[in-house]
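Trainee: Line by line, the protein sequences are chains F and H. Heads up: the first sequence runs through residues 214 to 320, numbered per the numbering used here. Heads up: the second sequence runs through residues 418 to 537, numbered per the numbering used here.
Calculated from the structure, these hints are not laboratory results. Just so it is clear, CB atoms sit at the ideal spot from N, CA and C, and this is done for glycine as well. Don't take every hint at face value.
Capping the alpha-carbon separation at 20 Å, the derived lysine to aspartate or glutamate pairs in EDC-like fashion look like this [as the list claims (entries may be wrong)]: (1) F/K255 - F/E318; (2) F/K320 - F/D230; (3) H/K462 - F/E268; (4) F/K316 - F/D294; (5) F/K320 - F/D295; (6) F/K252 - H/D521; (7) H/K430 - H/D508; (8) F/K255 - F/D230; (9) F/K255 - F/E268; (10) F/K263 - H/D525; (11) H/K520 - F/D214; (12) F/K258 - H/E465; (13) F/K252 - F/E318; (14) F/K263 - H/D508; (15) H/K462 - F/D214; (16) F/K252 - H/E465; (17) F/K320 - F/D294; (18) F/K258 - F/E268; (19) F/K258 - H/D525; (20) F/K316 - F/E283; (21) F/K255 - H/D525; (22) F/K258 - F/E318; (23) F/K258 - F/D214; (24) F/K263 - F/E283; (25) H/K462 - H/D508; (26) F/K316 - F/D295; (27) F/K255 - F/D214; (28) F/K255 - F/D294; (29) F/K258 - H/E433; (30) H/K500 - H/E465; (31) F/K316 - F/D230; (32) F/K258 - F/D295; (33) H/K500 - H/E433; (34) F/K255 - H/E465; (35) H/K500 - H/E483; (36) F/K252 - F/D214; (37) F/K316 - H/E465.
Computed footprint of chain F on chain H; a stretch qualifies when at least three of its residues, placed anywhere within it, have a C-beta under 8 Å from a C-beta of chain F [as the list claims (entries may be wrong)]: (38) 485-497; (39) 524-533.
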Amino acid sequence: DIQMTQSPSTLSASIGDRVTITCRASQSITRWLAWYQQKQGKAPKLLIYKASTLESGVPSRFSGSGSGTEFTLTISSLQPDDFATYYCQHYNSYPWTFGQGTKVEIK
Amino acid sequence: QLQLQESGPGLVKPSETLSLTCRVSNGSISSNSYYWGWIRQPPGKGPEWIGMIYYSGSTYYNPSLESRVTISIDTSKSQFSLKVNSVTAADAAVYYCASLNWKDLRFDNWGQGTLVTVSS
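Could you put together the complete structure from these sequences and hints?
Mentor: Printed below as a string of structure tokens:
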């Protein structure tokens, strides 16, 4: 199985900050990567797929980049609604696996 | 926009079978654009992909669960189902159903999730 490792596990930031979350795959997944946002008690919400394609309706302050084994999710200017846990997920080969999550907290 | 809703018992005894159903509305479960998937999330952990099914009945399963899992579909009722046999405490989780857009392989619509506890 391909292992997905996110860093950091927790991130403290302020409104307006630029935030970057990293996801590393244990082997190349080309660009078959998605990012999700999850709020407490809710289902994950798709933000980005194919590493950098923004899902319809998702604010443009979210962006994704990377290929191969290293990927990043960037929030250009953190907003109050963005405090949540973020997960990456690969779909390069079965089984599809998720990272362990990065919690974005208020500083 | 597609809507998905999970249903089923919230409590299952160890060694018994967990059974959940996901009803699809605001769209056709027989669409050739979607697979229908199950994902679970143990408390405090990341999600785990369980498997998925096409309207034709074609399935893909996570190998770690494949020996105990069956996903089926009933297009006449616009629903698909999950069965997990011989459950243990490790199967306790929030179970989500989701639509997988086959063109881009993205889980674009999710149910609200249902918590399953395993206890005698």
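Trainee: Tell me if chain F covers the segment 524-533 of chain H under the three-residue, 8 Å CB rule, please?
Mentor: holds (count 6)
Trainee: Sort out whether F/D294 lies within 20 Å of F/K316, counting only the CA atoms.
Mentor: holds, 13 Å
Trainee: With the threshold set at 20 Å, check whether the alpha-carbon distance from H/K520 to F/D214 stays at or below it.
Mentor: With Cα atoms ~23 Å apart, H/K520 and F/D214 exceed 20 Å; violated.
Trainee: Take the C-alpha atoms of F/K255 and F/E268, compute the straight-line distance between them, and say whether it is at most 20 Å.
Mentor: holds, 18 Å
Trainee: For F/K258 and F/E318, compute the direct alpha-carbon distance and say whether it is at most 20 Å.
Mentor: Satisfied, since the Cα-Cα distance of roughly 18 Å is no more than 20 Å.
Trainee: Straight-line Cα separation of F/K320 and F/D294 no greater than 20 Å?
Mentor: Given that 20 Å is the threshold and the Cα spacing comes to 14 Å, the pair holds.
Trainee: Within 20 Å, alpha carbon to alpha carbon, are F/K252 and H/E465?
Mentor: It holds: about 17 Å lies between the C-alpha atoms, which stays within 20 Å.
Trainee: Does the alpha-carbon distance linking H/K500 and H/E465 stay inside the 20 Å limit?
Mentor: holds, 16 Å
Trainee: F/K258 and H/E433 were given as a pair; does the straight-line alpha-carbon distance stay at or below 20 Å?
Mentor: Given pair F/K258, H/E433 is violated - Cα atoms ~32 Å apart, limit 20 Å.
Trainee: Are the Cα positions of F/K263 and H/D525 separated by 20 Å at most?
Mentor: Cα-Cα ~13 Å, so holds.
Trainee: Take the C-alpha atoms of F/K255 and H/E465, compute the straight-line distance between them, and say whether it is at most 20 Å.
Mentor: Given that 20 Å is the threshold and the Cα spacing comes to 16 Å, the pair holds.
Trainee: Given the hinted pair F/K255 and F/D230, is their Cα-Cα distance within 20 Å?
Mentor: violated, 25 Å
When the structure is compared with the earlier hints, violations turn up for hints 3, 6, 8, 11, 14, 23, 27, 29, 36 and 38 and for no others.
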